[in-house]
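Asks: For chain A, the structure is supplied; the task is to place chain B on it using the hints.
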Amino acid sequence: MDRRSVLKAGLVLIVTSAAASIYRPAGAALRVLNGGNKWHAKETLPPTPVDASKRVFLTDKEYAQVTVIFDRLIPADELSPSASQVGCVAFLDHQLAGPYGRGDYRYRKGPAQHGSPTQGDQSLRNAAELYRTGLSEFDQYCQATFGKGFESLSATQQDDVLERMERGDVALATLPAQGLFKQWLTNAQEGFFADPIYGGNKDMAGWKMIGFPGARYDYRDVLPLKGQKMDIRPVSLIARI
Amino acid sequence: MTYTRPKADAVIVGLGWAGSLMAEALTRAGLDVVCIERGPYETTNRNFSPNIAADELRYGARREALRPPSVETLTFRNHRSEVALPGRDFSNWVVGYSVGGAGKHWSANAWRFLPSDFTMATRVKERYPKMKLPEGLIVQDWGVTYDELEPHYDRWEKIAGISGKAGVLNGKVQPGGNPFEGSRSAEYPTPPLERSRWNDIFHGTTEKMGLHPFPIPAGTAGAAYTNPLGINMAPCTYCGFCGLYGCGNWSKSSPNACIIPALMTRKNFTLLTECTALKAEKAADGKTVTGVTFIDSDRNIGFQPADIVIFAAFQFDNVRLMLLSEVGKPYDPETRTGTIGRAYNFQTMSYGFLYFENEHMNPFISTGALATQVDDYNGDNFDHSDLGFIGGAGIMALSDQATPMGMTDRVPAGSKMWGADWKKAFSHSYQNYGKIQGQGTSYAHAESYLSLDPNYKDDNGQPLLRMTYEFNENDRRMARFIKGRIGDICKSTGAKTWETVAFPDQPFSPSRAYDSGHTIGGTAMGLDPATSALNRYQQSWDAHNLFVIGASSFPNNGGYNPTGTLSALTLWTAKAIINDYLRQPGLLTR
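Which chain is which? The protein sequence lines are A and B, in order.
The first sequence begins at 1 in this note's numbering and counts up one residue at a time.
The second sequence begins at 1001 in this note's numbering and counts up one residue at a time.
So here's chain A without its partners, still in its complex pose (with noise of 0.2 angstroms):
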């Protein structure tokens, strides 16, 4: 039996710390759990912070556009204050150079084809292809239609247009306009609801604009307050790491 199909075996590896720092032991055997030892559960680590002060992944035209976008979506009001302004445009630019914009979790084999609408979005692609193909076709509409972009137009203009690809009465070169608005009403409102981990939600503005307490995790302690008006200062998950 070689070195190789002892570890297969399951059998106990006995190796010293020193020979451990060089040699790395084929995986499938540290994942056999024999009952009587001790278990090793993976790793789960909290997120890393978001630094919004970097830009990972949109041009310049591309996060001014989103700019624009975004804070029509979701105003600056006496509600709370704009999705930019709470970080949202950072939010979605660190989301998309991240595994969410590289579609690690979408099936992607082909091949690619059309089906019924109850068969779901059929395209191989991921969510930052989406971005940087949609905002550049989402550009080229506007500067036909308008002759100018989109972050020219007047607020009212704007309101029309996100309408009207809302439903889907806008023709881009190739994608869905309404696959392509909901893919950027989704990501307004995440950036809006994430823990401010993520690099949006600052200051917590969207948990409080609806009295949401965040990462509290017990209530039992106000659970006899049935039908109460609560104000529970919300907690992110940045004060818990």
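I should point out that these hints are in silico values taken from the structure, not numbers from a laboratory.
Just so you know, these numbers come straight off a predicted model, no measurement behind them.
Check each hint, because a few of them may be wrong.
Quick list of the computed label-pair ranges, beta carbon to beta carbon [claimed, not checked]:
{"no.": "1", "chain 1": "B", "residue 1": "G1030", "chain 2": "A", "residue 2": "A112", "range": "50 to 60 angstroms"}
{"no.": "2", "chain 1": "B", "residue 1": "M1001", "chain 2": "A", "residue 2": "A112", "range": "12 to 22 angstroms"}
{"no.": "3", "chain 1": "A", "residue 1": "K38", "chain 2": "B", "residue 2": "E1473", "range": "55 to 65 angstroms"}
{"no.": "4", "chain 1": "B", "residue 1": "N1051", "chain 2": "A", "residue 2": "A171", "range": "41 to 51 angstroms"}
{"no.": "5", "chain 1": "A", "residue 1": "M230", "chain 2": "B", "residue 2": "S1183", "range": "40 to 50 angstroms"}
{"no.": "6", "chain 1": "B", "residue 1": "R1080", "chain 2": "A", "residue 2": "A171", "range": "27 to 37 angstroms"}
{"no.": "7", "chain 1": "B", "residue 1": "A1530", "chain 2": "A", "residue 2": "P176", "range": "32 to 42 angstroms"}
Virtual Cβ for every residue (Gly too), placed ideally from N, Cα, C.
Replies: This is chain B only, laid out in the frame that chain A set:
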């Protein structure tokens, strides 16, 4: 390279609820058990502690606790005239991807089925001899009765520390519980959770209407509790990060919290993590299987020989493993013969979405199973003589939506979904929203089935499972009836506006918001090998040392979540293996 491991008495594929309950019973009986689990080992304290778990983006939106479609997905079509296409993105198929399986991220609604759910074929003949069911509807008895399962339900509830209030105890109706439930031999091990404000409104409303509200049984400990395996659970804190999340409190019942700490101490138990089972191997005589072939995290192929093979994976994967192992005959919808992939069924949902004024629902005080239900219109609890369908739904006020991202569309119909108007509407409705869920029965149909996909494959080069499913006319009529009953309740609650919906009024889609993840059947148990893949002990008719445990065994679904019933069935099968099969290996239904 390939290698063969030392032979075990039993090999179990998957360490979710079914696999861990089976492993606990078999190792306690002295068997040498090896479990093959696709995901990594995770623990309550290390992997979902409160400072990690309370993260909606990570677990609610990005669904980090689930198996990503990129690892394995299904293909889907509504009708067999269409080409099935893969579910590429997240959908309602919420499959686990770690030790504990779906039992880690479940919403912990911990039900028993009604006695009638197990014997509907007999029941229809006796109670509704004149009823004409739609052509192609599959209604068949399970071969096991509620009374046979009762001790096993009881054992599972005690292992899992289920909270609740008995409605029928040793045949006597109890105040405060569900008067329609099958008779129980014992009270729940922990008391019911405190009702939410929304639960209170529903409770008062339905009681005034003459219905019978009760707190639903929940796998969220109602008090500090020590289970029969000596494991301590802590009281639920109503944290609101429940379904789709692991619990950081030792409060949500899970294999990780309630069973695995015991398995960890047993020298006759071995767990191969991050190993994907590829198929069972058939013996030369074709009448038994010899073990399970798997691929490990170094991408080497291993073989685990064993005298007994148990598939305890998620429902989809149990069916897929049966097809890949070529045990039994795949179902053919053309001739309506074959059993593997037949009798696929689901969960038929109806809803009421209500919006009040001047309320403080405080929805963040929440669990996945914080609910008050009426069972007056569930299963066969009401007379169906003139209704033209069988089945019904549990109708509940469910306070399971706590976190904001998943609620941004919870605004009254006609509201703008973005901009200043949306902000105003959502700020108001977050505290004024209530949800009534009608969780309906589902019957299988000859045209809905599971098979291997001819076009799309997973990373290991094996074909994906293909689902062909559409709601049938029986379930459509049932859901419309339930929608009406939900509407009656909505009218009486004092809500300002509400909308009701019966899901089968639109074509089924795996990505429709608010639809169920309860995907059921495909290797049905039963009394006749022509119409069931497994006998009444969940034993393959075609290979007597192969058992398939999980919701894949249900020929129809009750108006309830499936976990309690699949757990009871697992313990029923474990008893049959230990008491009968080991003594005389062979078909247990001779």
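Asks: Compare the structure with each hint and give your call.
Replies: Going through the hints against the structure:
no.	hint	in the structure
1	B:G1030 / A:A112: 50 to 60 angstroms	53 angstroms, holds
2	B:M1001 / A:A112: 12 to 22 angstroms	35 angstroms, violated
3	A:K38 / B:E1473: 55 to 65 angstroms	56 angstroms, holds
4	B:N1051 / A:A171: 41 to 51 angstroms	48 angstroms, holds
5	A:M230 / B:S1183: 40 to 50 angstroms	41 angstroms, holds
6	B:R1080 / A:A171: 27 to 37 angstroms	34 angstroms, holds
7	B:A1530 / A:P176: 32 to 42 angstroms	47 angstroms, violated
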